[in-house]
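S.K.: Residue numbers (this note's numbering): 1 to 235.
It cannot be assumed that every hint is accurate.
[Unchecked claim] Pairs of lysine-lysine, DSS-like flavour, derived with a Cα cap of 27 Å:
(1) K232 with K27
(2) K199 with K222
(3) K232 with K199
(4) K199 with K90
(5) K90 with K63
(6) K27 with K63
(7) K199 with K27
These are calculated hints, taken from the structure and not from any lab test.
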Amino acid sequence: MTNFPITVDAILHSPALADLNFSRARKTQFARDVALVVSGIRLAYLVDALPANVTMDYDRLLKSIPRADVRHVYEPIFQQSFLVNELLFKQMMSSSYLPMFVSTSPLSIVSASSTVQHLLDTLATAFGQCANRTVDLSSGSDESTMVALAGVLLEYPVAYVPCSTTPEACVSLTVYHIQAILQGLEGWVNIVSFSSPTKLSLTVDVEALRVRYQRRGALKVKVEQTVEVVDKLVL
Numbered sequence: 001m002t003n004f005p006i007t008v009d010a011i012l013h014s015p016a017l018a019d020l021n022f023s024r025a026r027k028t029q030f031a032r033d034v035a036l037v038v039s040g041i042r043l044a045y046l047v048d049a050l051p052a053n054v055t056m057d058y059d060r061l062l063k064s065i066p067r068a069d070v071r072h073v074y075e076p077i078f079q080q081s082f083l084v085n086e087l088l089f090k091q092m093m094s095s096s097y098l099p100m101f102v103s104t105s106p107l108s109i110v111s112a113s114s115t116v117q118h119l120l121d122t123l124a125t126a127f128g129q130c131a132n133r134t135v136d137l138s139s140g141s142d143e144s145t146m147v148a149l150a151g152v153l154l155e156y157p158v159a160y161v162p163c164s165t166t167p168e169a170c171v172s173l174t175v176y177h178i179q180a181i182l183q184g185l186e187g188w189v190n191i192v193s194f195s196s197p198t199k200l201s202l203t204v205d206v207e208a209l210r211v212r213y214q215r216r217g218a219l220k221v222k223v224e225q226t227v228e229v230v231d232k233l234v235l
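Given these sequences and hints, build the entire structure.
M.R.: Structural data, given as structure tokens:
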């Protein structure tokens, strides 16, 4: 694992980020989230810290970070960007890991979509063949597939699959918040959060989550659970 504070500093001082005009606080949050992927703590990061009017040159950014074995994956339906650790992605593919998939209406466990597996295989091929840091996903996939794919890349134990029918209202969710202590930093760092419909009573192996991030270099890991009721699922 690379040195986390040094990686954060390298990202903050990358011309691709330093030249952009938005707040220092948001740049720092972005740098930390990217560093979690570069350092091999997280497999992927769905970019959400950049203002909507900011365009990032991801090829330029990733080439400026030492030892960054990371790809930028752009998906066209939601116009979102993922940063993906290539080594962890290969490990996931070799293990055939997939989360539990849950339909949003009605809330129920469903089988993995063959289209999701096809997109994962497409990414694996593109990573092996494409010299550029950016890989564009095909625009031929639907919204349901892209949301499910995001859950896989973000390593959520539970991944939602949107349906065309109206989602259930007033849904009770068990929300899991994973935080870690990382070498060189003070305090707990947010790693990832995900949810599971409470009424499905799905078994989430909390101990396996702790072990996952400790093996990747976290000094300590804690998983907190809360129960929240939402008007509807927002994916």
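S.K.: In ascending order, which of the hints set out earlier in this document are inconsistent with the structure?
M.R.: Violated: hints 1, 4 and 7.
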